[in-house]
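Chain by chain, the residues:
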Amino acid sequence: MVSPFKIFSFMMYTFIVGSLITGCVSYRVIKAVEGRSVPNTYEKFRVGTTTLQEVLEALGAPDQVAELEGKDVLIYQQSLLANRGLSFGIPLTDIWGSGFDFSAYGELVRYDIVLLSFTPDWILSEIANEKGSRSPYLKTILSDKKGN
Amino acid sequence: MNKFREILCVLLLMFFLQSCAGWAKNKDYHPFDASGLDKLIPGKSTVVQVTEILGAPSEIVKLSNGNAYIYRRSLSKGTGLWLLIVSFGNYEKHYDQVVIFFDKKNIMTHSGITLDAHKAAYGLPF
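Sequence order for the protein chains is A and B.
Heads up: the first sequence runs through residues 1 to 148, numbered per our numbering.
Heads up: the second sequence runs through residues 1001 to 1126, numbered per our numbering.
By construction, these hints were calculated from the structure, which means they are not laboratory data.
Nothing false has been slipped in among the hints.
27 Å max Cα-Cα, derived DSSO-like pairs, lysine-lysine:
#: 1; chain 1: A; residue 1: Lys31; chain 2: B; residue 2: Lys1077
#: 2; chain 1: B; residue 1: Lys1119; chain 2: A; residue 2: Lys44
#: 3; chain 1: A; residue 1: Lys31; chain 2: B; residue 2: Lys1027
#: 4; chain 1: A; residue 1: Lys71; chain 2: B; residue 2: Lys1062
#: 5; chain 1: B; residue 1: Lys1025; chain 2: A; residue 2: Lys31
#: 6; chain 1: B; residue 1: Lys1093; chain 2: B; residue 2: Lys1025
#: 7; chain 1: A; residue 1: Lys71; chain 2: B; residue 2: Lys1044
#: 8; chain 1: B; residue 1: Lys1093; chain 2: A; residue 2: Lys131
#: 9; chain 1: B; residue 1: Lys1044; chain 2: B; residue 2: Lys1105
#: 10; chain 1: B; residue 1: Lys1003; chain 2: A; residue 2: Lys6
#: 11; chain 1: A; residue 1: Lys131; chain 2: B; residue 2: Lys1119
#: 12; chain 1: B; residue 1: Lys1104; chain 2: A; residue 2: Lys71
#: 13; chain 1: A; residue 1: Lys71; chain 2: B; residue 2: Lys1105
#: 14; chain 1: B; residue 1: Lys1077; chain 2: B; residue 2: Lys1027
#: 15; chain 1: B; residue 1: Lys1077; chain 2: A; residue 2: Lys131
Partial pick of chain B residues on the chain A-facing surface, computed with a CB cut under 10 Å:
#: 16; residue: Val1010
#: 17; residue: Glu1059
#: 18; residue: Val1061
#: 19; residue: His1094
#: 20; residue: Thr1109
#: 21; residue: Gly1112
Here chain B is said to cover these stretches of chain A; the calculated rule only asks that three of the stretch's residues, wherever they fall, bring their Cβ under 8 Å from a Cβ of chain B:
#: 22; stretch: 26-37
#: 23; stretch: 63-77
Beta carbons are placed, not taken as given, at the ideal position from N, Cα and C, and that holds for glycine.
All chains, please: the whole structure from these sequences, using the hints.
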């Protein structure tokens, strides 16, 4: 038979170690995706010849529609959010009065966007695209390039 | 060996006592029936016929040579998992969208459809 003292010490040990560990270090990973991935079929479109009908058949309904200086613009986009956080601390506030704490958090939102501009008679006049999802998380968030 | 088992038991107990998980689901609901698009004919169907079939649009955009009626609804699903010192969160939001283009006489010229909302899924962020 297990002695009550052993069970008590076991529970105390669990409580103390658990509290210290969870109070000291934490790491989090969060991902959020909004919208569908933009198909690469837009690469086959040709300015001056591709029609709105062909675009809608290939890509489906656009996420945004707008008029811009006499041209009609369709936008297809997906946003990808990545969040990482690391926290390390020694919870001494109860016995010492002050504690040590180190935290590092980063949040990066990347976009895959295709912008298609049409003439009033629905012929493709311009294509612009951005493939943010190709940028690696750490390299992008730590970059100090101007404008980034 | 007994010591090792004791430590393992402690770690397992800590793991289960201090872990939790959660799920969430949100809907931005609009009851349009996208299958009604089959009844619409580009070059013939009017704004009135479109709104009779699909209902009121979520958004109307003025274009250089007419208007676009946008029907949109979304489904999002979130998952959270907390395991002692590590936590994971995942959130996905997808849309069902129908865009109908009209000329200046309010005659339907084009339509585009994307039914993706059902692709929102619970999961982990990797």
